[in-house]
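Visitor: Spelled out, the chains give:
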Amino acid sequence: MTKPLPQGITLGQLNAAIAEIEKVVGKDYVYLDDVKELRSYRDPYNTTNDADFAPSAAVAPQNVEQIQKILAIVNTYKIPIWTISTGKNFAYGGPAPRKPGYVVLDLKLMNRILEVNEKHGYAIVEPGVSYYDLYNYIQEKGLKLWIDCAAPAWGGIVGNTSEHGAGYTPYGDHLLMQCGMQVVLADGTVVETGMDTTPNSKTGGLYKYGQGAAIDGLFTQSNFGVITRMGIWLMPEPPGYTPFMITLENEQDLETVTDLTLPLRINQVIHNAPMTVDLLWEAAMSVSRNQYYTGKGPMPDSHRKKMAKDLDLGIWNYYGAVYGPGPMMKNNMDVIRDTFGSIPGAKFHYDDTRKGDPGWDYRVKLMKGTPNMTEFSLLNWIGGGGHINFSPISAADGKSAMRQYEMIRKSAHDFGFDYIGEFLIGWRDQHHIFMLMFNRMSAEEKKRAHDLFALLVDEAAALGYGEYRTHLSFMDQIANTYSWNDNSLWDAHHAIKDELDPNGILSPGKQGIWPKNLRGNS
Amino acid sequence: MKKRIVIALSLLALTACDQPAKEVEATASKAPEPIVTAPVIKEDSGYVATNRTGKVIFNLHCAGCHDPGNAHAATKQLAIVRGKDLAVIRQRKDLVPAYIKYIVRDGLLEMPPFRPTDINTSELDNLANYIVESANAYTPEENK
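Chains as they are written, first to last, in my numbering: chain H, 3 to 524; chain Z, 19 to 162.
Hints in this document: simulated from the structure, not taken from any laboratory.
Some clues are possibly wrong.
Covered stretches of chain Z (in silico footprint by chain H; criterion: 3 or more residues with CB under 8 Å from a CB of chain H, positions within the stretch not fixed) [claimed, not checked]:
(1) 71-83
(2) 92-103
(3) 119-133
Calculated Cβ distances over 12 Å to all of chain H for the following chain Z residues [said to hold, decoys possible]:
(4) 106
(5) 108
(6) 109
(7) 110
(8) 111
(9) 113
(10) 115
(11) 144
(12) 147
(13) 152
(14) 153
(15) 154
(16) 157
Only a predicted model underlies this, so the values are computations on that prediction, with no experimental measurement involved.
We put the beta carbon where it would ideally sit given N, CA and C, even for glycine.
Make a model of the complete structure from these sequences and hints.
Guide: Shown next as structure tokens:
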């Protein structure tokens with residue numbers, strides 16, 4: 003395979019830079035051989051071609067000093083690097099860079115858990131720490147703390163938080179729970195945010211804002227610096243935990259259940275982010291599509307209904323939980339039962355009847371921050387593994403949810419795909435995740451999925467919806483939908499980018515933010 | 019912005035191994051000892067590659083999808099496409115180390131590749147040997 007090169011860079015320049023980087027990190031931590039190692043840096047689930055995101059090399063520094071030296075080298079040669087932490091951002095691009103030829107800056111080896119503070123409930127971790135790592139550490143030490151993990155828990159705290167990821171306990175808004183970070187800027191300057199910037203700081207993990215502009219958010223979903231350390235708040239293990247599930251019989255129940263949820267959620271009667279999960283997502287935890295339907299196109303309603311009956315699932319399946327002392331949980335559960343019990347056909351489910359169902363079991367784990375990988379069962383639905391998430395934000399409002407659902411389902415069906423989705427009610431918003439599944443071994447299916455996704459971005463924008471996160475392929479298209487006042491927000495991003503990273507070396511194109519030398523070429 | 023602030027990294031690396039990076043005043047229960055999970059940073063650039071056992075690697079990276087039972091995506095899918103006798107990786111006698119190592123680095127259908135920073139070369143050997151040895155030691159229920 004011909005070595006992919008960054009735009010405007012010759013093989014000689016790349017090789018010269020790599021030779022210098024090898025002196026910094028050691029040859030063992032520079033990965034160049036496509037067959038032996040570099041292929042592991044691709045996104046296997048893309049909708050186009052692996053070559054569109056093929057790096058020229060990957061380098062794995064082990065400390066901040068090495069990162070500084072690498073940045074100095076790539077600044078000299080003007081070679082773009084693409085920063086990853088645990089590299090599991092699958093459905094959004096995994097470890098792969100935005101464009102061919104970038105050098106991946108892989109921070110997985112920086113995986114120290116620097117502190118876990120049980121009394122105040124926080125941890126300070128490096129980018130390579132996965133949810134499994136932090137959970138295992140807390141268990142080994144017997145600390146009475148919970149983590150809040152992404153559904154596939156092989157991801158990590160720094161990566162997921164900086165992607166604005168969400169979890170399932172009351173601490174599920176990860177960026178809200180982030181407190182302090184250390185960042186290396188493109189010129190090698192190391193910056194601490196928040197309280198840790200004061201001498202002999204005692205409160206770095208406790209208070210987010212310090213004095214002056216709170217700039218932590220600038221380094222999330224962006225390319226203004228390399229995050230090398232992050233504080234994250236951890237929930238004290240509560241005295242009790244009651245997860246519940248409500249099965250709902252009708253498609254229209256999405257509207258009712260969403261409207262009933264909002265007051266309970268923002269008043270914290272329901273403590274975590276409740277989820278309204280569609281039938282196919284739930285069913286995919288137990289069965290695959292071929293067991294119920296072998297035809298082409300979306301699964302017909304008659305087959306869906308049989309599957310729902312067999313698996314004791316609803317057309318929608320609503321999950322939530324309450325936490326705390328017994329009497330408090332009882333009071334909250336009484337309100338929840340009264341509220342949702344008013345929906346005709348609504349049926350409550352608990353551990354006593356549901357345990358052993360993989361769909362229930364993994365939600366119970368997620369809502370208490372126990373890492374697992376069960377959600378990867380979604381990839382079994384059609385087999386072949388391809389998946390990409392379309393993730394618009396909806397209001398936590400019944401009509402808004404229905405409008406998004408109907409829009410996506412119709413277009414998905416028009417393109418021959420099943421609607422597989424869930425709504426996660428954060429506070430006043432919903433993350434609506436449409437899991438677009440396709441066979442990654444079929445070029446025709448990949449193209450169809452790609453075209454559907456591009457259409458959905460435009461359809462959502464026309465209805466007033468934007469996406470909270472996206473795959474490499476669609477970062478520019480979605481950036482263009484955040485266009486108010488003649489794209490003034492992206493102009494601001496670009497002004498910051500040009501000031502902080504004049505050579506455009508850090509993750510060019512991340513979320514549609516391009517350095518000036520590459521703007522217009524994307 | 020123009021001022022270059024280079025923190026004393028080697029000092030940080032050393033102290034971080036035996037005391038919390040930041041102590042909170044008046045913490046009744048002292049923050050626990052920080053853990054060094056995989057790489058061990060000695061002095062300056064003296065980096066020591068890890069050589070975790072196959073079992074440790076399997077539990078960290080593979081078990082989530084490949085352990086027995088209906089909570090594990092790959093086990094369920096293999097049962098459907100290859101049959102239940104070939105569903106559980108650690109019970110399969112048809113796998114050889116070279117094949118395992120290739121699939122780990124390359125991925126296969128639903129499974130993504132694993133990078134050398136997830137599992138380094140020696141650990142990949144350990145992992146492949148662990149899977150094969152586990153399978154060799156496994157006796158199907160009906161033969162017990």
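Visitor: Now tell me if each hint is right for this structure.
Guide: Hint check results:
no., hint, result
1, 71-83, "holds (count 4)"
2, 92-103, "holds (count 5)"
3, 119-133, "holds (count 10)"
4, 106, "holds (15 Å)"
5, 108, "holds (16 Å)"
6, 109, "holds (19 Å)"
7, 110, "holds (18 Å)"
8, 111, "holds (24 Å)"
9, 113, "holds (19 Å)"
10, 115, "holds (15 Å)"
11, 144, "holds (17 Å)"
12, 147, "holds (19 Å)"
13, 152, "holds (19 Å)"
14, 153, "holds (21 Å)"
15, 154, "holds (26 Å)"
16, 157, "holds (26 Å)"
The structure agrees with every numbered hint stated previously.
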